[in-house]
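2 protein chains.
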Amino acid sequence: MTKRKKYREGSIRTTSFDVAALAGVSQSAVSRAFKPGASIAPETRDKILDAARKLNYVPNSIASSLTTHRSNIVALILGDLHNPFYTHVLEAFGREMQDRDRQLLVFTVNEDLATDDAIMRLLRYQIDGVILTSAQLSTQMVGMCHNRGIPVVLFNRYIPQSGAFGVRCDNSWGGRQIAEAFLRAGAKTFGMITGDPNGTTSKDRVSGFVERLIENGVPRTAIRSFEGNSTYEGACDAVRRMHADADGLPDAIFGINDTMAMGAMDTLRHHLGLSVPGDVMIAGFDDIPEGARLPYQLTTVRQPIKRMVRATIEHLNLDNPGQPIDLTHDQPIRGHMVWRKTVPGDAPPEV
Amino acid sequence: MTKRKKYREGSIRTTSFDVAALAGVSQSAVSRAFKPGASIAPETRDKILDAARKLNYVPNSIASSLTTHRSNIVALILGDLHNPFYTHVLEAFGREMQDRDRQLLVFTVNEDLATDDAIMRLLRYQIDGVILTSAQLSTQMVGMCHNRGIPVVLFNRYIPQSGAFGVRCDNSWGGRQIAEAFLRAGAKTFGMITGDPNGTTSKDRVSGFVERLIENGVPRTAIRSFEGNSTYEGACDAVRRMHADADGLPDAIFGINDTMAMGAMDTLRHHLGLSVPGDVMIAGFDDIPEGARLPYQLTTVRQPIKRMVRATIEHLNLDNPGQPIDLTHDQPIRGHMVWRKTVPGDAPPEV
Chain A
15 MTKRKKYREG SIRTTSFDVA ALAGVSQSAV SRAFKPGASI APETRDKILD AARKLNYVPN
75 SIASSLTTHR SNIVALILGD LHNPFYTHVL EAFGREMQDR DRQLLVFTVN EDLATDDAIM
135 RLLRYQIDGV ILTSAQLSTQ MVGMCHNRGI PVVLFNRYIP QSGAFGVRCD NSWGGRQIAE
195 AFLRAGAKTF GMITGDPNGT TSKDRVSGFV ERLIENGVPR TAIRSFEGNS TYEGACDAVR
255 RMHADADGLP DAIFGINDTM AMGAMDTLRH HLGLSVPGDV MIAGFDDIPE GARLPYQLTT
315 VRQPIKRMVR ATIEHLNLDN PGQPIDLTHD QPIRGHMVWR KTVPGDAPPE V
Chain B
15 MTKRKKYREG SIRTTSFDVA ALAGVSQSAV SRAFKPGASI APETRDKILD AARKLNYVPN
75 SIASSLTTHR SNIVALILGD LHNPFYTHVL EAFGREMQDR DRQLLVFTVN EDLATDDAIM
135 RLLRYQIDGV ILTSAQLSTQ MVGMCHNRGI PVVLFNRYIP QSGAFGVRCD NSWGGRQIAE
195 AFLRAGAKTF GMITGDPNGT TSKDRVSGFV ERLIENGVPR TAIRSFEGNS TYEGACDAVR
255 RMHADADGLP DAIFGINDTM AMGAMDTLRH HLGLSVPGDV MIAGFDDIPE GARLPYQLTT
315 VRQPIKRMVR ATIEHLNLDN PGQPIDLTHD QPIRGHMVWR KTVPGDAPPE V
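In order, the protein sequence lines correspond to chains A and B. For the working numbering, add 14 to where a residue sits in the first sequence, where the first one is 1. For the working numbering, add 14 to where a residue sits in the second sequence, where the first one is 1.
What the hints contain is simulated information worked out from the structure, not anything from laboratory work. Incorrect hints may have been included.
Claimed, not checked - Pairwise CB distance ranges, derived in the manner of DEER restraints:
#, chain 1, residue 1, chain 2, residue 2, range
1, A, Arg354, B, Ala52, 22 to 28 Å
2, A, Glu225, B, Arg67, 38 to 44 Å
3, A, Thr58, B, Arg354, 18 to 24 Å
4, A, Arg354, B, Ala236, 38 to 44 Å
5, A, Ala260, B, Pro56, 19 to 25 Å
6, A, Arg354, B, Arg354, 38 to 44 Å
7, A, Arg114, B, Arg354, 40 to 46 Å
8, A, Lys202, B, Leu69, 26 to 32 Å
9, B, Pro233, A, Gly287, 19 to 25 Å
10, A, Asp293, B, Gly292, 20 to 26 Å
Quick caveat, the model's predicted, so the values are computed rather than measured. We treat Cβ as the ideally placed atom computed from N, Cα and C, and that holds for glycine.
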């Protein structure tokens, strides 16, 4: 017989009735105290949690999930932890879910494990919803979740025709603001360091940026695009390729996320011995705290993470499962320009 | 009736027998295909997973966890996501657990939610083990996990007399190497920027560092300590306090993690206009990839994350629950010096 088994059989299980007796409340009050979102007076809840702690009582969510079909577990599929933006996203979801007494089952997806496979694994658990931050997802997989009544919300992206709801910042608007900032500062030639070519986030930032430049008469030949793989290292490499290119470095570089903008800055300054913004101006996107540090002082577009996280949770509809969600709210959320030191001059008006 | 309920009642549930029939194998082979660590030929497993995909079949881990007392879920309690070291730790655990077909239930602990509270919440789920990276944990809580047969392993720390196993790098050894490097480079006065004063990690790095300096005749008055709160911002502030102090800046600063060493460098260079290592030499600890970037080139001690993660999983004993663990292996794992540009001169021999 294993030690584990011995422990299980040897312990006398405290029940909710014991806790109710000690706290001087009804058993149903004890249930409510442990149920997320249930109506209960804070003093009563504290009294019950106190009694539960004294008695080592913990309700068994797993057993109750079989009857309620609710586990209070939400799956979060993270695609890219190398970008600090997603660390901040994970932290924000962790905090907001804990406030709602829900837990995050976290999957990190890399090349070895496709998102579809991750969801296949997830479906073995009784989960109340799926939040997805990686770009690839088949419509078949969204269908499998739907068939099980599990809502899927995409974060920081959307997948056209996937049937999954996408919460995102207004990326195209942000791209336009960066273009405007560069134009006001006198830039004539432009480079973009792009991310996942299949991701809507990168595409929308690029299209807003290019659109605004074209509107202002910039010839298409003065706008070049370099793949940066969404990473710091990819951006370092992209700047080296720009520099080696016949056209040389442009006046202004848009890193479509801050991590790439930081890689571009470091390569310009420490590898090529150039000045930012003196020789080349730079802007990023996301407003990660790292970009605000002394060596960077990066001009960027802030993603409204808190509002995006709350919108995601709202669309998971955790308290009213199965209720139809109003899809007319599927609008991008507008962030705002954060003006620092990597583009010369003053903040232009928003366009 | 809710939409969710309708889906559940309306769908015809595929069973493992349907999958067995399509794949041309026994029903027990199907069970084994979905059981982590079970013996099954890879071709057979692939055939079964293929059939399962075609039939939209997913085993219900929650229901089976009630009979097996195993959910294949391991809880990871993360204390400090602001330190990129823990992002890399999360990624490493995610990958290693997925390789073993286990999932991570992730808790982020902040001031609002104590570790004890996080574990109380965790215990509602059928979890197979707890990995803890935050410093505070009561012996009562370790006892509650033990009573339920749930192993608790501390990562990057230990808590004396807690009864929980601690996996860690040899922090004291690392502190000694940094002291030796500074001494060889000619430093006479020393500053330390420390982390959590209750954490064993910070204490051990500091004690190894101070020990080696004292052994070499450095007077205690030439070694000063400043609280940096384990964060980049805390270290920036610590350097400003050192600078404002009557004794002024020391010859060498040891940031007891890389994030703090990076904050110290940025403040010296960009706020005080000094050179690193010309005016002040710097070393860190952890070897996060960010410290290797062009502007930093930080000399540091590498924590052997992969070996530490594997040792942690080994001590969770997931495949043989309840089997006693050999505690004689509770030895710190030695990392190694990573010699870059923030301490002048060549790498000294290890001490």
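Hints versus structure:
| no. | hint | verdict |
| --- | --- | --- |
| 1 | A:Arg354 <-> B:Ala52: 22 to 28 Å | violated (55 Å) |
| 2 | A:Glu225 <-> B:Arg67: 38 to 44 Å | holds (41 Å) |
| 3 | A:Thr58 <-> B:Arg354: 18 to 24 Å | violated (58 Å) |
| 4 | A:Arg354 <-> B:Ala236: 38 to 44 Å | holds (39 Å) |
| 5 | A:Ala260 <-> B:Pro56: 19 to 25 Å | violated (50 Å) |
| 6 | A:Arg354 <-> B:Arg354: 38 to 44 Å | violated (28 Å) |
| 7 | A:Arg114 <-> B:Arg354: 40 to 46 Å | holds (44 Å) |
| 8 | A:Lys202 <-> B:Leu69: 26 to 32 Å | violated (60 Å) |
| 9 | B:Pro233 <-> A:Gly287: 19 to 25 Å | violated (42 Å) |
| 10 | A:Asp293 <-> B:Gly292: 20 to 26 Å | holds (25 Å) |
In this structure, the earlier hints numbered 1, 3, 5, 6, 8 and 9 are contradicted, and the remaining ones agree with it.
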